[in-house]
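Novice: Chains as they are written, first to last, in this note's numbering: chain V, 1 to 97; chain X, 1 to 409.
Hints are not guaranteed to be accurate.
Label-pair restraints from in silico Cβ distances [stated by the list, open to error]:
1. P124(X) / L25(V): 50 to 56 Å
2. V39(V) / R167(X): 53 to 59 Å
3. G78(V) / P203(X): 51 to 57 Å
4. S12(V) / P203(X): 23 to 29 Å
Short derived list, chain X residues pointing at chain V, Cβ under 10 Å [claimed, not checked]:
5. V103
6. R109
7. M170
8. E215
9. P217
10. G219
11. D221
12. G226
13. P230
14. P232
15. R239
16. K240
Simulated from the structure, these hints should not be mistaken for laboratory data. Every value quoted in this text rests on a predicted model; they were computed, and no experiment measured them. Positions of the beta carbon are idealized from the N, C-alpha and C atoms, including for glycine.
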Amino acid sequence: MQRQSRDHFDASTIPDDLAPIATVLSKMLPGDWRSLRPVIDRRKCVKCSLCWLYCPVQCVTEKARWFEFDLAVCKGCGVCAQECPQRAISMVEEAGR
Amino acid sequence: MSSTAGAKFNKPAFVVCEGNEAAAIGVGLSRPDVVAVYPITPQSSLVEHLSQMIADGRLNANLMNVEGEHAVLNGLQGVALAGGRTFTATCGPGIAFMFEPYVRTPGLRLPMVASLVTRDLLSPQCVWGGQQDAMVVREAGWIQMYCETVQEILDTTVMAYKIAEHRDVMLPVNVCHDGNYLSFGVTRVELPDQQAVDEFLGPPNINWHIALDPERPMGVDPLTGGAGGPGPRNFVRYRKGQCRGMQNALRVIREVHATWGERFGRYHAPLIEEYRLDDADYALVTIGSMTGAAKDAIDTAREAGERVGLIKVKTFRPFPLEAMVAALGKVNRIGVVDRSVSFGWNSGPVYQETLAALYRTAKQIPAISFIGGLAGADITAEHFARAIALTRETQFGRAQEPVWLNEND
Chain V
1 MQRQSRDHFD
11 ASTIPDDLAP
21 IATVLSKMLP
31 GDWRSLRPVI
41 DRRKCVKCSL
51 CWLYCPVQCV
61 TEKARWFEFD
71 LAVCKGCGVC
81 AQECPQRAIS
91 MVEEAGR
Chain X
1 MSSTAGAKFN
11 KPAFVVCEGN
21 EAAAIGVGLS
31 RPDVVAVYPI
41 TPQSSLVEHL
51 SQMIADGRLN
61 ANLMNVEGEH
71 AVLNGLQGVA
81 LAGGRTFTAT
91 CGPGIAFMFE
101 PYVRTPGLRL
111 PMVASLVTRD
121 LLSPQCVWGG
131 QQDAMVVREA
141 GWIQMYCETV
151 QEILDTTVMA
161 YKIAEHRDVM
171 LPVNVCHDGN
181 YLSFGVTRVE
191 LPDQQAVDEF
201 LGPPNINWHI
211 ALDPERPMGV
221 DPLTGGAGGP
231 GPRNFVRYRK
241 GQCRGMQNAL
251 RVIREVHATW
261 GERFGRYHAP
271 LIEEYRLDDA
281 DYALVTIGSM
291 TGAAKDAIDT
301 AREAGERVGL
311 IKVKTFRPFP
321 LEAMVAALGK
331 VNRIGVVDRS
341 VSFGWNSGPV
351 YQETLAALYR
361 TAKQIPAISF
371 IGGLAGADIT
381 AEHFARAIAL
391 TRETQFGRAQ
401 EPVWLNEND
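Same shape as in the complex, but just chain X (with noise of 0.2 Å):
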């Protein structure tokens, strides 16, 4: 498990590249000891990128090759228990066949970080972005950060080993950049030195509270006991532990935000961005890539006179409630862009949450529901436009259906 050489990317300061590069550059420069991998669109180049630096000698860490999503994250649980720094990117039903170790890593405070690359979930058959996927284990107690640009993948990959490995947090992390328009968008991107990386991340200690380690003999996750043998008091002091390391990760993303923003000079939004709300009567809240689309149509309505700003989520587990709530303040109606399904609510799952947070805020405004993007579809101004006038004209009791964004493209 040695990181006395890593990745080496002090020249040149910038690369063009695409969004599962720029993730690739992230881990690099975060020297993972081990990176288990297995190829699923629209992940896969990502993995193939982080295999070639690794066979390039440009990343020291161990490659392992398993037969499947369920293996890499076992295999990985072993490296996290053992002290090492992982690295694992999947979607879509890749992230199905990982589940059962997914749902445990974050009951074992391991502080891995993943890439999740989203997709759409089958059926119907789809090979294409959305961010269903992702919107499926938002309760597996992960934290989930959604990235805007190809940039904020690189310095979020990086950041969210910070957060992870955070002694108030001890919490699994996934970087959510959207398939299609992230994964394979090429932009310039701006590197970090990796001394300074070094600085920022300091030393590893993966294990210092459950390990496979003959020097400190424990038994790791015995039968904690319910309705059974000691009792359920163990095992609810855990779930509450638990949930207190998801409710300080709020107060540890935003310091770690600010840190980077000193240290490397780009200051991303940890939370909630708002982006043109302090005088706007109306908003649309938007979650990921599409975001840079809605920011357009926001300008464009900006000089046509309409007084509209927009709400971006990026942390979404933890749900940011309290900057949520502080954003929803500004505005009298809202407009929440999907990018998946609740089937359950015949809505979107961000607009379920969002409505959620405006029980905070003592007051009820109209609200309404759009779902884009599904099905790697492009969510564009015109649908944003679009959007923007309905959000205008929504009032109580007129929005009972979702409004589907791309139905006729």
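Chain V with its partners taken away, still in its complex shape (with noise of 0.2 Å):
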């Protein structure tokens, strides 16, 4: 994980009972907890990009002839399925994980 600041301040020096307080970013990504997936049909894909403008955690990623998307960041919204002007998107139930 890339680091974020310098590293002024060493958290070690306060109990870690006290304040709430975080030096490190925490890794929990949207992707855990989601509980619809998108699934791209790539025949109808026309690379248009309207999901990956809409998408409000910018989870899509390009590939060579169609879009894709990062599952452990997706949070399952459903915007892109949503906005796809080419229905190229459809929203599939997170069954049994």
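With the hints as a guide, bring both chains together as one complex.
Specialist: Structure below.
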């Protein structure tokens, strides 16, 4: 993970039961609690980029002929499926996870 | 955030003032960096005095006039996170509007000081004194100290900063004084010397542990996790730490009161005051300014041969369990006088917590709940004489209903 700041501050000097502070980024990603997963139909995708523009967590990645989703980050909101003019994206239940 | 020039109160060595001004003088002596205020009866004159002190240059602090109590405390949280010493004052509907940042302050371990000029809560519509507001927020995590006299307001306000900022405590303090009776009660007050107060308090270090500071980059109050994410262990650890800080405060409050007595010659009971209790057969339990009239009534009853004493609660949060147990162990009957109501218990909150402390004495004694002084009503020596007589006669099973002292006034 990329460092966010200079290392001026040693958090270990402060009791760990005192005040809620954070000095490292949490790796908790939205994909942990997604209930619907976007699935793209590669034949319909024309790479118009609307999904890429609309995605609130910016999990859309570009492939040679279509767009794909980083499922570790996607929270399953479905905005991409709603906005896709080609109806190339469908939201599928996350079953059995 | 300069603290080089502050209030100057070296001469005269005493003034005649109301309780709200005494609180303002105590704040001035403590040299806060920022005072954020919003007026509300019966607290308003307190912030008027502070505003005037700042306008006159007697107090070198920034006055933050904001749109309401919610903004007051959110603003002051920012000040404290930046390292500033803060002050505000409120009561009644004001603390109700302040509630959201109010409950966050102890969890952030910000050592703020705020006067709570206690007022009865609405409705019925009422602008007068009572301790319902303070009792409603007694589980919010703030330290609560209830003053008996105008002098004690001044002294406790200064002491509150030393208690709050102690490294083993790091919790906000409410200095509670009764609306009307103390807020507007005018008496002679001795003034501590500014330099002596400076030495007593020492330089503030507010944000050594949690800060908005580019040199110490950190996330303040991140999502700590419960059922999801990293699990509840971090949250539980912080809660345990908060409870430990509260328990540490019992020791620190005693130490700070002792030091204050040594430096300034005025010894106030830090947790529990015992009055004519050692040879008492039964006792009243009181809190706040009502204690003065109660002590007069105790003296009168003593002259008539009654073996009655008094237990005054100064510190209610954290609850002074050991001190209360020691006091309760000396008597065989108690009558507890509350200036507020516990709706769920059909009695007073101080009464209920006194009963809880009785468990630790390993004895059962008859107890009776009195409720008086609601909506600014006066609890007179005559009311206390009646309370003393009823406490002497109380037996197990006889006091299912509280006695409402002012119901016919």
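Novice: Compare the structure with each hint and give your call.
Specialist: A quick look at each hint next to the structure:
no.: 1; hint: P124(X) / L25(V): 50 to 56 Å; verdict: holds, 52 Å
no.: 2; hint: V39(V) / R167(X): 53 to 59 Å; verdict: holds, 56 Å
no.: 3; hint: G78(V) / P203(X): 51 to 57 Å; verdict: holds, 56 Å
no.: 4; hint: S12(V) / P203(X): 23 to 29 Å; verdict: holds, 25 Å
no.: 5; hint: V103; verdict: violated, 14 Å
no.: 6; hint: R109; verdict: holds, 4 Å
no.: 7; hint: M170; verdict: holds, 7 Å
no.: 8; hint: E215; verdict: holds, 5 Å
no.: 9; hint: P217; verdict: holds, 4 Å
no.: 10; hint: G219; verdict: holds, 4 Å
no.: 11; hint: D221; verdict: holds, 5 Å
no.: 12; hint: G226; verdict: violated, 12 Å
no.: 13; hint: P230; verdict: holds, 7 Å
no.: 14; hint: P232; verdict: violated, 13 Å
no.: 15; hint: R239; verdict: holds, 9 Å
no.: 16; hint: K240; verdict: holds, 6 Å
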